[in-house]
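Each residue of the sequence shown is one higher than the one before, starting from 345 at the first, in the working numbering.
Hints are computed from structural coordinates only; laboratory data are not their basis. Heads up, some of the hints might be wrong.
As the list claims (entries may be wrong) - With a cut-off of at most 16 Å between alpha-carbon atoms, the simulated EDC-like pairs for lysine to aspartate or glutamate come out as follows:
{"hint": "1", "residue 1": "K385", "residue 2": "E395"}
{"hint": "2", "residue 1": "K383", "residue 2": "E395"}
{"hint": "3", "residue 1": "K448", "residue 2": "D435"}
{"hint": "4", "residue 1": "K383", "residue 2": "D393"}
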Amino acid sequence: MSWGTNYVTSNNLNIPYPGIVQDGRLFTDYSPSAVVNDKIKSDNRITTDREYRTYLINNAESIMNYNFKTSGTTSSSLGKTYPYTFYDVNDRSLPPGYESSIPKNLYLTREQLVANETRPMLTSFK
Numbered sequence: 345m346s347w348g349t350n351y352v353t354s355n356n357l358n359i360p361y362p363g364i365v366q367d368g369r370l371f372t373d374y375s376p377s378a379v380v381n382d383k384i385k386s387d388n389r390i391t392t393d394r395e396y397r398t399y400l401i402n403n404a405e406s407i408m409n410y411n412f413k414t415s416g417t418t419s420s421s422l423g424k425t426y427p428y429t430f431y432d433v434n435d436r437s438l439p440p441g442y443e444s445s446i447p448k449n450l451y452l453t454r455e456q457l458v459a460n461e462t463r464p465m466l467t468s469f470k
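Start from the sequences and build out the full structure, keeping to the hints where you can.
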């Protein structure tokens, strides 16, 4: 399967980095909630469901703060990434993950043609 047909995260070719997605998959914790619930119960010596519910009600804000603080730790090791900077309009280099499309190519060739209409004025000095 090529990156062009992998529609899950087809917009990123840099293997050590996750795909560019906007649905929260990067920050989702896939550990089963039953395991998390059992850990909370054992850490706080909770034996009944009623005690567990009371614990969650009384500590809801601190639990939410903890979840918020730890939600970004999975992506902190990715480092900073910067957008690719082209040298000029006629630069033909392609950054990793570049996807080509007909409208994009038409737009870029039109911009290149407009940029080539103006040339620097050449003068000869004697």
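Holds or violated: K448 with D435, Cα cutoff 16 Å?
holds (15 Å)
Would you check the hint for K383 and E395, treating anything up to 16 Å between C-alpha atoms as holding?
holds (14 Å)
Please verify whether K385 and E395 have alpha carbons no more than 16 Å apart.
Given that 16 Å is the threshold and the Cα spacing comes to 9 Å, the pair holds.
Would you check the hint for K383 and D393, treating anything up to 16 Å between C-alpha atoms as holding?
holds (14 Å)
Of the numbered hints given earlier, the model fails none.
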